[in-house]
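Those protein sequences? They're chains R and Z, same order as listed.
Reminder that position 62 of the first sequence reads as 80 in the numbering used here, one-by-one numbering, no gaps.
Reminder that position 138 of the second sequence reads as 401 in the numbering used here, one-by-one numbering, no gaps.
Since the hints were made in silico from the structure, they are not lab data.
These figures come from a predicted structure and were not determined experimentally.
Be aware that one or more of the hints could be misleading.
Restraint ranges, calculated between C-beta atoms of paired labels, are given here [as the list claims (entries may be wrong)]: (1) 86(R) <-> 329(Z): 48 to 56 Å; (2) 414(Z) <-> 47(R): 17 to 25 Å; (3) 144(R) <-> 415(Z): 27 to 35 Å; (4) 368(Z) <-> 24(R): 15 to 23 Å; (5) 136(R) <-> 280(Z): 51 to 59 Å; (6) 294(Z) <-> 80(R): 17 to 25 Å; (7) 47(R) <-> 379(Z): 33 to 41 Å; (8) 329(Z) <-> 24(R): 19 to 27 Å; (9) 27(R) <-> 294(Z): 32 to 40 Å; (10) 415(Z) <-> 205(R): 28 to 36 Å.
Here are a few chain Z residues that face chain R, going by a calculated C-beta distance under 10 Å [to be verified]: (11) 330; (12) 331; (13) 335; (14) 349; (15) 350; (16) 351; (17) 353; (18) 354; (19) 355; (20) 360; (21) 367.
Just so you know, even glycine gets a beta-carbon here, dropped at the ideal spot from N, CA and C.
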Amino acid sequence: MRNLLIFITKYNAFFLFIIFEVTALIIYVKYNSFQKATFINSTNQVTGNLYARVDQLKSYISLREVNDSLSLENARLRGQLKASYYVDSVAKHKVNDTIYKQQYEYIDAAVINNSVNRRNNYITINKGSRAGIAKGMGVICPQGVVGKIVFVGDHFSIIQSLLHKETIISAALAGTKDLGSFTWSDNLDPHAGLLYDVSNSASPKLGEMVVTSDLSLFPAGVPIGKISNLHSKTAKGSFLNMDVTIAVDFSKLQYVYVVDNKFAAEQLGLEAQQKKDE
Amino acid sequence: MLQSNWDWRPSRKKMSRVILLNLLRFIALVFIQVFLLKNISLYGLSTPYLYILFILLLPFETPNLLLFPLAFILGLTIDAFYDTPGLHAMACVLLAFVRVLFISITVQKEGFDNEPEPTFSLMGFRWFFTYTLILTLFHHFFLFILEVFRFTEIQYTLARALLSSIFTIFLILISGLLFYKNKERK
Chain R
19 MRNLLIFITK YNAFFLFIIF EVTALIIYVK YNSFQKATFI NSTNQVTGNL YARVDQLKSY
79 ISLREVNDSL SLENARLRGQ LKASYYVDSV AKHKVNDTIY KQQYEYIDAA VINNSVNRRN
139 NYITINKGSR AGIAKGMGVI CPQGVVGKIV FVGDHFSIIQ SLLHKETIIS AALAGTKDLG
199 SFTWSDNLDP HAGLLYDVSN SASPKLGEMV VTSDLSLFPA GVPIGKISNL HSKTAKGSFL
259 NMDVTIAVDF SKLQYVYVVD NKFAAEQLGL EAQQKKDE
Chain Z
264 MLQSNWDWRP SRKKMSRVIL LNLLRFIALV FIQVFLLKNI SLYGLSTPYL YILFILLLPF
324 ETPNLLLFPL AFILGLTIDA FYDTPGLHAM ACVLLAFVRV LFISITVQKE GFDNEPEPTF
384 SLMGFRWFFT YTLILTLFHH FFLFILEVFR FTEIQYTLAR ALLSSIFTIF LILISGLLFY
444 KNKERK
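Given these sequences and hints, build the entire structure.
Structural data, given as structure tokens:
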């Protein structure tokens with residue numbers, strides 16, 4: 019017995035190591051499968067409070083930018099009040115006592131995950147099918163086009179960002195309404211895009227706005243960017259190519275609006291029928 | 264030759280100073296780790312864990328019976344903020360064990376017993392660098408492998424552990440220089 023005690027005291031470091039390591043292992047194995055049930059996590063009073071404080075401080079620092087974007091957005095919304103309505107003035111519908119029927123509804127959502135530096139970028143937002151979001155809806159923000167919804171969960175959705183290899187948007191020049199296609203440039207610059215397949219008869223000007231066309235899944239006239247170079251080096255298609263500076267700063271994206279086109283189902287249904295008939 | 268003009272057994276006053284200093288260090292390091300370094304990540308690969316400096320700088324005379332609980336509590340505190348109960352605690356206890364082994368191998372009882380703490384300024388660059396290097400590597404590799412717990416991503420995990428270790432060692436050496444006290448050892 020005495021020898022045993024001597025042995026233990028001689029190698030006490032090792033035994034203490036074993037005791038605490040096993041304790042930690044038990045905690046690790048036990049609580050990581052029931053993380054929500056444990057009190058050693060950030061729902062804990064102390065850590066939760068501390069995090070809330072620091073978050074307050076952080077949000078205070080970015081208050082100015084948030085204010086700016088809110089006022090810009092208000093201005094845009096005021097201008098849009100009638101623009102987002104579809105005129106429904108067919109005589110027999112007059113009994114409805116309304117001449118406007120809403121075509122676009124906007125669902126606001128906060129960005130909770132974002133990337134700009136990969137070849138294919140996705141954005142996660144905090145609203146899902148419970149809020150009425152469905153696959154294929156367009157997403158915009160106060161500054162312009164953001165992308166389109168590709169995956170929808172109950173509470174979250176994933177947006178295929180404009181900064182994605184596969185994203186192609188039907189665009190138009192704001193002044194002359196000449197149509198073209200917009201896509202992200204190849205050099206991974208989150209501010210540069212390419213407008214191609216614009217008809218040769220068009221006369222674009224430097225600095226002209228590029229907006230969504232009537233053919234896109236977005237409301238017509240949502241800004242995409244500004245023309246920065248009339249003759250792009252990237253050869254794509256056989257018509258006019260031009261470089262575009264993207265209007266949205268994707269690295270600072272905080273709030274977005276999902277566009278719910280009330281007539282999308284009808285339009286898609288009709289178009290599907292037409293394909294069947296051919 | 265080492266001329267000690269003070270008793271190596273710390274007096275009561277000295278003792279309380281050491282305890283207060285370590286308590287402050289504990290709080291400061293946890294705050295820095297949780298509110299500053301937790302948000303830092305170089306290319307998603309390199310994340311520093313500076314908080315281990317607390318265990319590294321505990322006095323030489325810290326009895327094992329105190330060292331291990333302290334390491335365990337430090338780990339658990341960090342875990343509370345990282346939402347990973349037990350993970351950092353395990354890594355910290357391993358770190359404490361490696362510390363005991365390393366010090367028992369490299370520090371001669373006759374030569375260094377007078378030194379209260381294994382700091383940069385007291386132990387010199389060579390010893391402190393080796394000490395930091397070995398302890399940090401042990402802690403980080405254990406931590407990252409345990410966190411991922413999957414062999415399919417082993418290369419990525421090892422790269423992360425290595426790059427994070429470099430970052431942490433860099434920060435520890437910087438802090439060592441920052442609090443450099445010009446106390447002559449010889």
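Status of each hint after checking the structure:
Range check, residue 86(R) to residue 329(Z): about 54 Å between beta-carbon atoms, so the 48 to 56 Å window is met. Look at residue 414(Z) against residue 47(R): about 19 Å separates their beta carbons, and that is inside 17 to 25 Å. In this structure the hint that residue 144(R) and residue 415(Z) lie 27 to 35 Å apart at CB holds, the actual value being about 31 Å. At about 22 Å, the CB distance of residue 368(Z) to residue 24(R) agrees with the hint of 15 to 23 Å.
Taking 51 to 59 Å as the suggested C-beta distance range, the pair residue 136(R) and residue 280(Z) conforms, at roughly 52 Å. With their beta carbons about 22 Å apart, residue 294(Z) and residue 80(R) fall inside the hinted range of 17 to 25 Å. Taken as a hint, the range 33 to 41 Å holds for the pair residue 47(R) and residue 379(Z), whose Cβ atoms sit roughly 38 Å apart. Here the CB-CB span from residue 329(Z) to residue 24(R) is close to 21 Å, well matched to the stated 19 to 27 Å.
The given range of 32 to 40 Å is respected by residue 27(R) and residue 294(Z), whose C-beta atoms sit roughly 37 Å from each other. For residue 415(Z) and residue 205(R), the Cβ-Cβ distance of about 33 Å falls inside the hinted range of 28 to 36 Å, so the restraint holds. With a least beta-carbon distance of about 8 Å to chain R, the hint placing residue 330(Z) at the interface is held under the 10 Å criterion. Interface restraint check for residue 331(Z): the shortest CB-CB distance to chain R comes to about 4 Å, inside 10 Å, so the restraint holds.
Interface hint at residue 335(Z): satisfied, since its Cβ lies 5 Å from the closest Cβ of chain R, which is below the 10 Å cut-off. A distance limit of 10 Å between C-beta atoms decides the matter here; for residue 349(Z) the minimum to chain R is near 3 Å, and the interface restraint holds. At a threshold of 10 Å, the smallest CB-CB gap from residue 350(Z) to chain R is about 6 Å, leaving the interface hint in force. Among the interface hints, the one on residue 351(Z) holds; its C-beta lies about 9 Å from the nearest C-beta in chain R, closer than the 10 Å criterion.
Nearest Cβ of chain R to the Cβ of residue 353(Z): about 4 Å, under the 10 Å cut. The hint holds. With its C-beta approaching chain R no nearer than about 8 Å, residue 354(Z) sits inside the 10 Å limit, and its interface hint holds. Look at residue 355(Z): its Cβ gets to within about 8 Å of chain R, closer than 10 Å, so that hint holds up. Because the closest C-beta pair between residue 360(Z) and chain R is about 4 Å apart, less than 10 Å, the hint holds.
Hint status for residue 367(Z) relative to chain R: holds, with the closest Cβ pair at about 8 Å, below 10 Å.
The earlier numbered hints are all upheld by this structure, with none contradicted.
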